[in-house]
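Read top to bottom, the protein sequences are chains A and B.
So the first sequence is numbered by the numbering used here: it starts at 1 and just counts up by one.
So the second sequence is numbered by the numbering used here: it starts at 116 and just counts up by one.
Please keep in mind that the hints were generated in silico from the structure rather than gathered at the bench.
Hints should not be assumed to be uniformly reliable.
To be verified - Mimicking SDA-like on lysine to any residue, the simulated pairs with C-alpha atoms at most 25 Å apart in a straight line are: (1) B:Lys170 to A:Thr103; (2) B:Lys183 to A:Gly42; (3) B:Lys183 to A:Thr103; (4) B:Lys170 to A:Tyr105; (5) B:Lys169 to B:Gly143; (6) B:Lys168 to A:Glu102; (7) A:Lys57 to B:Lys168; (8) B:Lys170 to A:Glu102; (9) B:Lys170 to A:Gly96; (10) B:Lys168 to A:Phe95.
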Amino acid sequence: KAGVTQTPRYLIKTRGQQVTLSCSPISGHRSVSWYQQTPGQGLQFLFEYFSETQRNKGNFPGRFSGRQFSNSRSEMNVSTLELGDSALYLCASSFGVTYFQETQYFGPGTRLLVL
Amino acid sequence: KNEVEQSPQNLTAQEGEFITINCSYSVGISALHWLQQHPGGGIVSLFMLSSGKKKHGRLIATINIQEKHSSLHITASHPRDSAVYICAVRWGVVETSGSRLTFGEGTQLTVNP
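Full structure from sequences and hints, please.
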């Protein structure tokens, strides 16, 4: 089975632009979670989607948004980029909703640099 | 105050040594995860625990729910174990909404040959 894939792997943007990142979960997985990792804050939860519905959202401003499609693929969007948005963005998939204590499988991440 | 505290932050060991990484948390949780992150960023989920102890190869994870503490042990450590080990706790049990993971800051482990 193919693992979780994320595109693009690397991205350079300038302040004020917007960016869309994509995540394809493992086949059959219906839950996708997104995380941000920075040197200063470490790993932080962004949001979780299950069956096209956002199930939970972390403490991030409204500039961060996401969605999930009927095939479970997910996208996250960051509008009006700030320098502090430079980070590794990770997505993880699981079969069911994570409060059922499903193991999550992580993708390789998208490394975003905002100049 | 971080809800998840890991210790030590950095750990250097010689090949073959027994290694322990600790994780303490302050919230009631439904599960605790141990993750491994190699240079380059890829994360692998090692264990998911809600009670007791789990073992996989040379790795052992334990959790004490009453004391809100978990440990990750590596027996007969090897240079390929060099990575960042991250503890994460899952909390939030509302059936109509999701739960979330809160992460520790990670422990950088270096195993020298």
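Checklist entry - Against the structure shown, which of the earlier numbered hints fail to hold, in ascending order? => result 7
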